[in-house]
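Protein chains in written order, with this note's numbering: chain A, 26 to 256; chain B, 26 to 256; chain C, 26 to 256; chain D, 26 to 256.
Treat the hints as calculated values from the structure; they're not laboratory data.
Among these hints, one or two may not hold up.
Identical copies go unnamed one by one, so any copy, or any two together, can satisfy a pair.
As the list claims (entries may be wrong) - With a Cα cut of at most 25 Å, we get these calculated PhoX-like pairs of lysine-lysine: (1) Lys153 with Lys132; (2) Lys153 with Lys173; (3) Lys237 with Lys67; (4) Lys60 with Lys132; (5) Lys222 with Lys29; (6) Lys74 with Lys214; (7) Lys132 with Lys152; (8) Lys230 with Lys74; (9) Lys152 with Lys173; (10) Lys27 with Lys60.
Listed below, chain by chain, are the residues.
Number of protein chains: 4
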Amino acid sequence: MKVKLISHTPSPEKLCGSAASVAYSEEGFEANYDKNDDSAQKILNHCVKSGHHSITEHASFTFSVEGISRACSHQLVRHRLASYTQQSQRYVRFDELAFVTPPKIRKNNEHEELFKETMQQLSDNYKKLLDAGVPAEDARYIYPNAAKTNLAVTMNARELMHFFSLRCCERAQWEIRELADMMLREVLKAAPILFCKSGPNCYSKGVCTEGKFTCGRMDEIREKYEKIHSK
Amino acid sequence: MKVKLISHTPSPEKLCGSAASVAYSEEGFEANYDKNDDSAQKILNHCVKSGHHSITEHASFTFSVEGISRACSHQLVRHRLASYTQQSQRYVRFDELAFVTPPKIRKNNEHEELFKETMQQLSDNYKKLLDAGVPAEDARYIYPNAAKTNLAVTMNARELMHFFSLRCCERAQWEIRELADMMLREVLKAAPILFCKSGPNCYSKGVCTEGKFTCGRMDEIREKYEKIHSK
Amino acid sequence: MKVKLISHTPSPEKLCGSAASVAYSEEGFEANYDKNDDSAQKILNHCVKSGHHSITEHASFTFSVEGISRACSHQLVRHRLASYTQQSQRYVRFDELAFVTPPKIRKNNEHEELFKETMQQLSDNYKKLLDAGVPAEDARYIYPNAAKTNLAVTMNARELMHFFSLRCCERAQWEIRELADMMLREVLKAAPILFCKSGPNCYSKGVCTEGKFTCGRMDEIREKYEKIHSK
Amino acid sequence: MKVKLISHTPSPEKLCGSAASVAYSEEGFEANYDKNDDSAQKILNHCVKSGHHSITEHASFTFSVEGISRACSHQLVRHRLASYTQQSQRYVRFDELAFVTPPKIRKNNEHEELFKETMQQLSDNYKKLLDAGVPAEDARYIYPNAAKTNLAVTMNARELMHFFSLRCCERAQWEIRELADMMLREVLKAAPILFCKSGPNCYSKGVCTEGKFTCGRMDEIREKYEKIHSK
């Protein structure tokens, strides 16, 4: 998996902070935006911490996501307040099946062997069908959930915070959690105040919201996200 | 594939038509709703035909979709103005792989044989992994795009019209087109005026919007949708 | 203000509960929907209480809202995951200005007098402009925020829960809070399990999320919503 | 009215064009983004002209909108796929009522006089209420639709195109049409290819979609937008 923040709204924190000022000020957005950054950051900080997140929608972040499985992308695109462009298995004909191996399969040689053999056979059979004239859009029906895919993903800061709260949680599936962690690391470089509380609920809200499904390792998880944030 | 309209807003056409009246009337929605249905239908008819579709959002339709492939469901959930609950491959452990065979593979014995064998092997290997203690959420990485899935799908009438315009088109992939056709047949029984123009753009707008990618069979396609609508 | 639930998805709790089953079951939605209602209610109850709200999107509720001010409607339509049809001040020519008087103005005779006189003058001047040939869409520029308006409003259960959490809160403006309370009373009759936790955060989550802006009257507010729910 | 594009996704056309490549390429987004700009522009051009607009969602544009009327802002915020922060009449106490005068009122001295007097009186009465201790959130009920307001507005390119198609049309209300024209002029400077077809449907699609409500001045309107685009 490779995740890179390709682009984002310039000075996202200044933008969101000064947008927030519009609500409370006789002056307009432009005048507020042209003031020094300190006041914008102060307001932003207040908004993020007190849960007034609507102003963070003004900042948009676009990622390159490469080499996640189609199992993971199927989950990812369920986040509806976002924009996706995904590599098409209808239009791209693949030479070789690139695939993701789950860690729990990787850690056992026998399982990994069976998994790899299966992948190899799928790759071969896919090519056989293509060579026999079957269209890629039909041959791909034998391609597995493990097949790698690429996406361009755009979310605004508010949706990202929501995404992190759900997908950084230990209860999330391991692959999308890994993706969420990598996206979080990327945006923290670009907008540390915007995402200063971002992570699973046990980190950002200080409480586990999973009820009886809790992972029970809140202290450990919080420490993990404190580390991510302190870098 | 099995598609059934499980539930919908009662009297959807009366509801949308009288909602439209709210915009132009001194009276409120309730008074307009309590009038006889004829005026609501007349207004609705006018709105649908002249493209004032916002009022059709008030009517909601909920479908059971069973036995589509995960290739198809991955496309389906890209429609973001809708609500989905999908069978989870993380939580459901499957006894036998149920799968969709593309028609172009089905029509050639050799291809179909290869396809079936592959499916059987995936089913077996999935079970081997499960039996060896691999969690279902990881074992499913070898499950194919062809694997069958079930969903509950809710869309409002406006989104459905948009969905039909894209997915009934010959340029859409065959499986989601089949799904769209079946959903269209279902809603036509419940709300013939709301969906009186629904279908691919060549049917609903009278023009192909696919440019050089046109299927070139507009007359034939229109006839198909005229038949669907005349039932 | 007059608020009435005009229509909603039939058996909304059975629908949402059986939709939830789709995720965890080998069977499809239809089979789950056709089972007895008890299991659906049990699952729904669990989902609502543990915050798994996505399944509640399948149920849609349509209201007639009459006689709220344009100040209030401007706030209302900021909820974007909803559908609105609003009485148009461009197309409707009003005989007399109907208006909302804020309670804090009503309780002081002098203030109320000034308010009423102002409204009367606006009504007169609006008519003068209309009579002089000014289009309604321009004459209405002198109409006040207090002017009454009517809407048809559709929200799904998930958005309604979110709406209640924000707008039933004492920190919300009095008129939209009144509207939210009336909508809550309406949906509780139709779907008591779906909305069993609905109200401001101090009621539904047991904690105030307003920080230093707290109303400080949590006990009183909770009691108010316990009463609403016990009816 | 003052409209300024405050910020936007950097290199929006390169971003959208290379995002489009992700669908058709074995390579990921990053590699496509790092290629020379020509190919991205070519692909973007093709997508915009053939109506494949989903890829334009990756580019986000943030505006300062100052001094529009609350009549206009109430229409503006009905566009739900956008983010707004609006000056609050609950929190801001106004010294003097700033207001918008409709052109059709401005062009007749008598009407304008009546309009101005009314505004002055509203301004005075608002202040009387404030001075008497009425909260701003209640005093504003006498403020008119004409009252000026400020907003921060963020839309992605796809939503902007849709906004322009509706709001640049002669059938739109004059004030929001003026706003749309000013926003169009702003984004054309930043992304001329993205918005090369933007304007009312008669300009962008070459056909009027208003049916019997057509303004009947298609040639004139098209010429207007050709001028805007040629600058």
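Which numbered hints are broken by the structure, listed smallest first? 4
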